[in-house]
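S.K.: In case you want the letters, here they are:
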Amino acid sequence: MPFDLLTTVETGGCSSKIPPRQLEELLARLPLQVDPKILVDISTHDDAGVYKISDETALVLTTDFFPPLVSDGYEFGLIAATNSISDIYAMGGTPLLALNIMMFPSSAIPLEVYSEILRAATTRLHEAGVSIIGGHSIDDYPPKYGLAVIGVVHPDRIITNAGAREGDVLILTKPLGTGIILAGHRLKMTTQEQLEEAKRLMMRLNNDGARLMQKYGVRSATDVTGFGLAGHALKMARGSGVTIKLNMSAVPMADGTYSLAEQGCIPGAAFRNLDYTERETLFAEGLDYSLKMIAHDAQTSGGLLMAVAQAKAGELLSELQASGHPEAAVIGVVEAKGDAALVLR
Amino acid sequence: MKTVDTRGLTCPAPLIRTRQGLTEAAPDETVQILIDNPASLSNVRRYLTDNRLEFTVREEGSLAIVTVERGGQADVSANETDYCVTNEPVQTGEKNTVVAITSERMGSGDDELGTKLMISFFRTLVMLEPAPSSVVFYNAGVKMALDDSPVLEHIRELAERGTGIYLCTTCINHFGIKERLPVGSFSDMYQILNLLKDADHIIRP
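These protein sequence lines are chains A and B, in that order.
Counting from 316, one number per residue, gives the positions in the first sequence under the working numbering.
Counting from 461, one number per residue, gives the positions in the second sequence under the working numbering.
No false leads were mixed into what you were given.
The calculated lysine-lysine pairs, modelled on DSS-like cross-linking and capped at a C-alpha distance of 25 angstroms, are: (1) Lys638(B) <-> Lys603(B); (2) Lys530(A) <-> Lys367(A); (3) Lys352(A) <-> Lys367(A); (4) Lys603(B) <-> Lys627(A); (5) Lys627(A) <-> Lys530(A); (6) Lys657(B) <-> Lys627(A); (7) Lys503(A) <-> Lys459(A); (8) Lys627(A) <-> Lys638(B); (9) Lys652(A) <-> Lys627(A).
Honestly, the hints are just simulated from the structure, not real lab data.
Full structure from sequences and hints, please.
M.R.: Here it is in structure tokens:
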């Protein structure tokens, strides 16, 4: 019987992120390095850091790690690896090298599981053209895995939170729902197919998305992960000094997401994300409660949210749908800055 | 009174049980929820507030007892009197009609007949009261808006009366007819889809 990693996180594990509001307050107190070669740092609340090393090349750095979300070590490794390079893609970059970050209780879990996790990550990263050239492990419980990743991007083609313009439309490349479905799975409220779909979504790379963004000259994007669609959209709106309006009925969702939310299967992380967005968000009168909470559901290895000039959106969308993102959809618009940075209807 | 005991349960089980308890309780039955961890208490409080349910919280040591006075559906349900002024006549709003022109012919089976029918359609369309709010043209339908189209004058008339005329840009580029469209705005899938979605009626000849 293969070891079930989910047994190590049975005590809730309601998404391991520090609540976004507290995190921002904490980070705001850190002294910022003043260096003109640092092109993107934490002050714009972006997905990764960017450092210029020449006129043609800038380095992109990011890291991500978390406790198990699924039972099987190999699948956990695939998801963690896919997730860790996603931020590089969200900046329009190409990932190159990675380091393993592993916390593993070698006395509580068979070492085979450790090697399965690493084998999966190595395989997935090789597919993406990334080499793992080192890493670090310590003994810890529950286990956690992820990577530190470095990539490259042309300094004039960095895609940040700051480039969204009035008149752009917003395209989301993957359906929402992974947080809710994983929580539902732990409570045996999902079907096997629903779980498998969620896993497939989490294992899908955002590389085609990044390639297409560069092809169509998209200047603003983020990947939708721990702060939910609303949290990440808000960061983009603030970073760009605009108002983002999202239409929840246009947002694609994995099968089972809505009905689980209706039954109250709403992870605590969604409430923390709501805490973070609500001061700057206008929720339309009559917005369905479940849709509101789905918008705040913390995602793992989510899709890209990109702001695209309206004239290019149709073609970009078709290409996305043809290259492994069949559910990609236009979900909102960018408007001039209004009273609320984010509007959800 | 209905009791929902969530002690020992981890998120989001307390919320699921709460919601279940509220739906199962009779409409006037009090529901009491026992919660033993602050995170779940905070989430349940938020859930109840957002769904406009009145409740009180009493804390006894590490246990919180949340009492919801009104049971029934945990979704937003308003009293009729909040929204309906019942002694006023029912108003029917203006219906929003959108016409979708998807080819140069109306119907299929005989092309010559179809062409004649499409011309007849436009001739009759301008007599419709009220006028459609928009006419969207896509695929070969965009050719109906060409400068030598037999129905161009009808389209112009509709435009003059305030009907929105929307031509699919992808289609225009495909047929290479950009310079030959004197009426209408160049539109895209997003706008066209929204027009169709928000329509009360869609007429597609």
